[in-house]
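*Asks:* Read off the chains here:
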Amino acid sequence: MSISVESFSPLQQGLKAEGINRPSTTLWQDAWRRFRKNPLAMGGLTVLALIILFALFGPFFSQFDYKTNNLMATNQYPNWIHPFGTDELGRDILTRSMFGARISLLIGFGSVAINLTIGIFYGGISGYKGSWLDNFMQRIVDIIFSIPDLLYVILLMVTFGPGLRNIFIVLGLVNWVPMARIVRGQILTLREQEFVLAARTLGADTKRILIKHLLPNSIGQIIIVAALQIPAAIFMEAFLSFIGLGVQAPMVSLGSMASDGRMNIPSYPYSLIFPAAMIALLMLAFNFVGDGLRDAFDPKMRK
Amino acid sequence: MKNEVILEVENLVKHFPLEEGIFSRHHKKVHAVNGISFQLHQGETLGLVGESGCGKSTAGRTIIRLYEPTSGIVKYQGKNILSYNAKEMLAVRRDIQMIFQDPYASLNPRMTVGDIIGEALDIHHLARGQKRTDRIYELLETVGLNPEHANRFPHEFSGGQRQRIGIARSLSVNPKLIICDEPISALDVSIQAQIVNMLEELQEKLGLTYLFIAHDLSMVKHISHRIAVMYLGRIVELTDSFTLYEKPLHPYTQALLSAIPIPDPDIEAARQRQVLKGNVPSPIDPPSGCYFRTRCPKAQEVCALSTPELIEQGNNHWVACHCI
Amino acid sequence: MQQLHHLLEVDNLSTSFFTYAGEVRAVSGVSFYIDEGEALGIVGESGCGKSVTVQSVMRLIPSPPGKIVSGQIRFLGQDLVKLPEKQMTTIRGKSMGMIFQDPMTSLNPVLTIGRQMTEVLQRHEGLGKQEAMDRAEKYLEMVGIPNCKRRLKQYPHEFSGGMRQRVMIAMALLCNPKLLIADEPTTALDVTIQAQILELMKDLKQKINTSIILITHDLGVVAGLCSRIIVMYGGKIVESGTVQDIYKSPQHPYTWGLLKSVPRLDALSRTKLVPIHGTPPDLLKPPVGCGFTARCAHAMKICAEQPPGITEINPGHQVACWLLHPDAPKSTFDEKGRVG
Numbered sequence: 001m002s003i004s005v006e007s008f009s010p011l012q013q014g015l016k017a018e019g020i021n022r023p024s025t026t027l028w029q030d031a032w033r034r035f036r037k038n039p040l041a042m043g044g045l046t047v048l049a050l051i052i053l054f055a056l057f058g059p060f061f062s063q064f065d066y067k068t069n070n071l072m073a074t075n076q077y078p079n080w081i082h083p084f085g086t087d088e089l090g091r092d093i094l095t096r097s098m099f100g101a102r103i104s105l106l107i108g109f110g111s112v113a114i115n116l117t118i119g120i121f122y123g124g125i126s127g128y129k130g131s132w133l134d135n136f137m138q139r140i141v142d143i144i145f146s147i148p149d150l151l152y153v154i155l156l157m158v159t160f161g162p163g164l165r166n167i168f169i170v171l172g173l174v175n176w177v178p179m180a181r182i183v184r185g186q187i188l189t190l191r192e193q194e195f196v197l198a199a200r201t202l203g204a205d206t207k208r209i210l211i212k213h214l215l216p217n218s219i220g221q222i223i224i225v226a227a228l229q230i231p232a233a234i235f236m237e238a239f240l241s242f243i244g245l246g247v248q249a250p251m252v253s254l255g256s257m258a259s260d261g262r263m264n265i266p267s268y269p270y271s272l273i274f275p276a277a278m279i280a281l282l283m284l285a286f287n288f289v290g291d292g293l294r295d296a297f298d299p300k301m302r303k
Numbered sequence: 304m305k306n307e308v309i310l311e312v313e314n315l316v317k318h319f320p321l322e323e324g325i326f327s328r329h330h331k332k333v334h335a336v337n338g339i340s341f342q343l344h345q346g347e348t349l350g351l352v353g354e355s356g357c358g359k360s361t362a363g364r365t366i367i368r369l370y371e372p373t374s375g376i377v378k379y380q381g382k383n384i385l386s387y388n389a390k391e392m393l394a395v396r397r398d399i400q401m402i403f404q405d406p407y408a409s410l411n412p413r414m415t416v417g418d419i420i421g422e423a424l425d426i427h428h429l430a431r432g433q434k435r436t437d438r439i440y441e442l443l444e445t446v447g448l449n450p451e452h453a454n455r456f457p458h459e460f461s462g463g464q465r466q467r468i469g470i471a472r473s474l475s476v477n478p479k480l481i482i483c484d485e486p487i488s489a490l491d492v493s494i495q496a497q498i499v500n501m502l503e504e505l506q507e508k509l510g511l512t513y514l515f516i517a518h519d520l521s522m523v524k525h526i527s528h529r530i531a532v533m534y535l536g537r538i539v540e541l542t543d544s545f546t547l548y549e550k551p552l553h554p555y556t557q558a559l560l561s562a563i564p565i566p567d568p569d570i571e572a573a574r575q576r577q578v579l580k581g582n583v584p585s586p587i588d589p590p591s592g593c594y595f596r597t598r599c600p601k602a603q604e605v606c607a608l609s610t611p612e613l614i615e616q617g618n619n620h621w622v623a624c625h626c627i
Numbered sequence: 628m629q630q631l632h633h634l635l636e637v638d639n640l641s642t643s644f645f646t647y648a649g650e651v652r653a654v655s656g657v658s659f660y661i662d663e664g665e666a667l668g669i670v671g672e673s674g675c676g677k678s679v680t681v682q683s684v685m686r687l688i689p690s691p692p693g694k695i696v697s698g699q700i701r702f703l704g705q706d707l708v709k710l711p712e713k714q715m716t717t718i719r720g721k722s723m724g725m726i727f728q729d730p731m732t733s734l735n736p737v738l739t740i741g742r743q744m745t746e747v748l749q750r751h752e753g754l755g756k757q758e759a760m761d762r763a764e765k766y767l768e769m770v771g772i773p774n775c776k777r778r779l780k781q782y783p784h785e786f787s788g789g790m791r792q793r794v795m796i797a798m799a800l801l802c803n804p805k806l807l808i809a810d811e812p813t814t815a816l817d818v819t820i821q822a823q824i825l826e827l828m829k830d831l832k833q834k835i836n837t838s839i840i841l842i843t844h845d846l847g848v849v850a851g852l853c854s855r856i857i858v859m860y861g862g863k864i865v866e867s868g869t870v871q872d873i874y875k876s877p878q879h880p881y882t883w884g885l886l887k888s889v890p891r892l893d894a895l896s897r898t899k900l901v902p903i904h905g906t907p908p909d910l911l912k913p914p915v916g917c918g919f920t921a922r923c924a925h926a927m928k929i930c931a932e933q934p935p936g937i938t939e940i941n942p943g944h945q946v947a948c949w950l951l952h953p954d955a956p957k958s959t960f961d962e963k964g965r966v967g
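Residue numbers (my numbering), protein chains in the order written: chain A, 1 to 303; chain B, 304 to 627; chain C, 628 to 967.
Please note: incorrect hints may appear among the correct ones.
What the hints assert, rightly or not - Chain C is nowhere near these chain A residues, computed Cβ spacing over 10 Å in every case:
hint, residue
1, Pro39
2, Thr46
3, Ile52
4, Asp65
5, Lys67
6, Ile125
7, Met137
8, Gln138
9, Leu151
10, Tyr152
11, Pro162
12, Lys212
13, Ile224
14, Met263
15, Ala277
Stated by the list, open to error - Reference listing, derived: stretches of chain C covered by chain B, where coverage requires no fewer than 3 residues with Cβ under 8 Å from a Cβ of chain B:
hint, stretch
16, 779-790
17, 823-835
Unchecked claim - Heads up, simulated SDA-like pairs for lysine to any residue below, C-alpha to C-alpha not over 25 Å straight-line:
hint, chain 1, residue 1, chain 2, residue 2
18, C, Lys832, C, Thr869
19, C, Lys829, B, Asn582
20, C, Lys829, B, Gly581
21, C, Lys875, B, Ser561
22, C, Lys713, C, Lys756
23, C, Lys928, A, Glu6
24, C, Lys713, C, Ile688
25, A, Lys212, B, His458
26, A, Lys207, B, Asp398
27, C, Lys829, C, Ile772
28, A, Lys207, B, His428
29, C, Lys899, B, Met501
30, B, Lys580, C, Met731
31, B, Lys508, B, Thr445
32, B, Lys580, C, Met769
33, B, Lys331, A, Gly130
34, C, Lys957, A, Pro10
To be clear, the hints were calculated from the coordinates, so they are not data collected in a lab. On a predicted model such as this, the values are computed, not experimentally measured, just so you know. We put the CB at the ideal spot given by N, CA and C, even for glycine.
Taking the hints into account, I'd like the entire structure generated from these sequences.
*Replies:* In structure tokens, the structure reads:
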């Protein structure tokens with residue numbers, strides 16, 4: 001093998017040989033890449049999307065509504081006109097399921113939005129300020145935490161009275177506690193990180209440090225908790241409606257439908273089966289998505 | 304060639320209380336910094352060396368008030384900044400900046416490099432809009448990075464590049480004094496030299512003063528004009544860097560110098576290494592008298608009884624030892 | 628000098644990690660050997676493949692994504708690459724010992740030191756409980772741990788960093804391994820503790836005649852302990868030779884860079900350091916020619932086009948660099964630039 005002498009002339013190269021070869025990936029892209037690879041999570045997401053579409057747009061394609069009685073068509077078994085059948089007042093169960101799913105989803109997302117707000121605020125302040133304030137705030141959390149959720153919810157519902165608005169308030173009042181704990185834990189570990197110290201030496205105030213540095217870095221954990229709290233809230237609402245403390249007729253939720261259907265199990269099982277199946281499907285889908293999100297955001301998996 | 308004193312630390316003490324239980328009333332504390340005093344002159348580099356747990360980082364962080372000191376005085380340009388309120392302190396933060404140790408933890412992973420460097424510009428309302436962008440580009444170029452990288456996230460950079468981003472961030476407010484908290488110990492050797500050279504060039508160009516905290520004595524000796532050696536929260540020896548190497552007086556400094564390996568097989572083979580026995584005592588419960596006496600080859604009775612003062616042994620060579 | 632059988636002989640080893648972004652060629656075509664009773668240093672920066680090399684030897688590469696792509700690892704007459712995992716486990720415990728940078732991760736926090744040490748002995752040597760305890764005690768004493776009887780009953784967290792590393796060394800030596808691999812054993816320790824551990828290893832090398840592979844990024848650490856040194860860069864060996872070769876007449880620009888970029892404690896005046904510019908290559912897309920080209924002050928056209936062959940300067944001193952080609956301009960290591 002011969003090499004020309006020319007090859008040994010100096011290589012002209014710029015000193016700044018500091019390109020970045022790899023494509024830019026943000027946290028979201030990274031998480032999405034992992035999430036996509038998880039078949040259960042993707043399945044859950046698909047089912048969830050279908051249920052949301054079903055709940056949002058389904059009623060526009062239905063000739064029935066959820067509250068008008070039709071005594072000519074009571075207790076029909078599933079058929080071409082009423083694919084899910086009708087209940088004892090002749091209302092189309094399919095349409096009612098759509099409206100019920102709407103309420104359930106609304107409660108799921110809405111109550112989590114409420115507890116996110118309270119939880120982030122409370123946990124953020126408690127974690128960042130620390131010392132006696134943290135001690136005090138955490139004791140309050142401990143007290144709320146020591147009361148069984150169910151007891152607490154039922155007591156509050158009885159006090160406030162049933163109804164959609166009160167369900168929001170009560171679920172929000174209960175569920176912010178675990179959220180606040182998670183946020184506080186995240187903030188506690190993050191606040192001693194050097195980038196937070198750096199922001200402090202630059203003169204950043206508490207508000208800026210919380211909003212720009214601490215919360216954005218806790219967002220993964222917050223999303224995971226929220227994703228698992230949504231199904232819990234939906235389930236709680238279904239339970240409340242089931243025992244008669246939830247939404248009031250004629251408004252309908254999946255829980256109240258199941259409650260109505262329960263009376264007729266021997267003769268008309270479908271009136272329980274369909275709403276119950278919807279609840280189960282929602283739960284499963286949310287839980288799979290939640291687990292998928294946890295894996296996708298898990299810092300231990302990050303490289 | 305003594306320049307004016309820019310920073311003066313007097314008897315700085317920082318103790319961290321340990322876990323205050325509701326029922327137990329015995330107050331255990333970590334004695335991180337136990338009364339250190341030194342002066343920093345305009346334009347010089349003072350090295351602060353010691354092993355892990357000797358309080359050197361805590362000292363740096365207390366000076367810049369990331370931790371509130373237990374007692375002591377920190378005078379910046381003649382005024383005690385420990386008595387400043389938040390607003391007055393904000394002005395000081397434009398003059399005193401810090402570079403951190405861990406290039407992976409010191410940059411917010413959710414912010415772009417441009418926003419990281421530009422953060423101080425926002426806080427102090429120094430530049431907005433196009434001016435802000437220009438300033439960020441200028442700072443990136445100062446530290447040898449490509450301005451196009453302003454939109455990238457920190458995790459896309461290597462350790463050395465990240466450390467340079469950290470330097471650019473601290474330079475954004477045009478500081479006079481930079482506390483370098485082990486800025487190179489997390490980096491590879493070939494990259495360390497890049498950072499050290501950059502710090503030296505910036506010092507020359509901008510007239511910066513450094514407090515250079517590190518555990519690597521050979522690097523500290525290289526970059527510093529004077530060196531303070533710390534052991535368990537106290538300064539045991541303070542002098543200019545060549546005297547420290549040529550004529551170390553404190554037994555701890557001698558042991559520290561002897562422990563550093565030299566990349567030369569002949570010297571290594573010929574060297575009689577003075578190996579210290581045992582470990583650094585716990586700062587929760589430090590020994591009485593001289594903290595070093597438990598490992599000191601020259602320890603005497605007096606060392607357990609009283610704490611040696613930092614005394615000048617001629618020509619600005621300060622040592623805290625009973626045995627001299 | 629050539630021995631017929633080396634204790635360990637690695638031949639053309641390549642190890643890759645298959646990530647979502649593609650194949651990361653962590654080690655490509657590495658060959659070296661170590662003889663009985665010898666101490667070999669592997670030097671290089673993080674990401675140069677030095678740890679992956681010895682992890683391949685120990686067969687400790689996490690798989691997936693890691694995989695030994697090609698090559699042979701001959702140890703005591705066996706090719707470790709082809710060995711089934713079960714036999715490998717015996718070799719790992721008995722004939723090879725390993726010390727890691729962070730001893731805390733390799734000690735089980737919920738078992739006492741004594742339990743962990745005797746377990747190894749009972750499994751690999753078939754010793755009885757009391758015998759194993761005695762042997763463990765003897766080894767703890769050997770690595771300089773006072774009150775070993777009491778110490779055996781303690782948990783890892785009750786030991787300081789330096790003490791933990793001593794325990795790790797004792798554990799690695801328990802079954803009298805032929806080969807001790809130390810992966811940055813002192814990097815996490817303070818200098819005074821590092822000096823203690825290095826003294827201990829020097830001492831042990833003489834006492835028990837184990838071969839040692841010491842991995843480090845600190846050229847100072849290997850200077851006192853090892854007789855031969857391998858310099859790695861970008862997954863390849865760029866220079867290998869005796870300590871005298873490497874420190875006194877280094878031939879590869881990367882070795883020059885390593886030597887010049889660290890300040891020496893014995894330097895007489897304040898001189899500027901000579902850094903190696905730029906950053907190491909991304910092994911996801913390794914450069915076509917020599918991996919060091921982009922950072923090399925002496926780079927030639929050929930460097931970017933073809934990987935350099937290996938030139939043997941004198942027996943045992945091998946360099947992979949185009950500068951040693953007869954047609955190349957002469958560049959030498961300038962000692963003055965460093966000491967001044």
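*Asks:* The output says A:Gln138 does not contact chain C. Does that hold with a beta carbon cutoff of 10 Å?
*Replies:* 27 Å, holds
*Asks:* Taken at face value, is the distance from the CA of B:His428 to the CA of A:Lys207 at most 25 Å?
*Replies:* Since the Cα atoms of A:Lys207 and B:His428 sit roughly 16 Å apart, the hinted pair holds (cutoff 25 Å).
*Asks:* Establish whether the coverage given for the stretch 823-835 of chain C by chain B is satisfied; the threshold is a Cβ-Cβ distance below 8 Å, and no fewer than three residues must meet it.
*Replies:* Coverage by chain B holds for the stretch 823-835 of chain C (3 residues, Cβ < 8 Å).
*Asks:* Has the given pair, C:Lys829 with C:Ile772, been kept, meaning a C-alpha gap of at most 25 Å?
*Replies:* Holds, at about 16 Å.
*Asks:* Measure nothing beyond the straight line between the CA atoms of B:Lys508 and B:Thr445; if it is 25 Å or shorter, mark the hint as holding.
*Replies:* 11 Å, holds
*Asks:* Can we trust that A:Lys212 is non-interface, i.e. its beta-carbon lies farther than 10 Å from all of chain C?
*Replies:* 29 Å, holds
*Asks:* Minimum C-beta separation from A:Asp65 to chain C exceeding 10 Å: can you confirm that?
*Replies:* Answer for A:Asp65: holds, closest chain C Cβ roughly 50 Å.
*Asks:* Confirm or reject the statement that A:Ile52 sits farther than 10 Å, beta carbon to beta carbon, from all of chain C.
*Replies:* 30 Å, holds
*Asks:* Take a quick look at whether C:Lys829 and B:Asn582 sit within 25 Å of each other, Cα to Cα.
*Replies:* 20 Å, holds
*Asks:* With the threshold set at 25 Å, check whether the alpha-carbon distance from C:Lys957 to A:Pro10 stays at or below it.
*Replies:* Holds - the C-alpha atoms of A:Pro10 and C:Lys957 are around 12 Å apart, at most 25 Å.
*Asks:* Hinted pair, alpha-carbon criterion (25 Å max): C:Lys713, C:Lys756. Please report holds or violated.
*Replies:* The given pair, whose Cα atoms are some 24 Å apart, holds under the 25 Å limit.
*Asks:* Measuring Cβ to Cβ, find out whether A:Met137 lies farther than 10 Å from everything in chain C.
*Replies:* 31 Å, holds
In the structure shown, no violation is registered for any of the earlier numbered hints.
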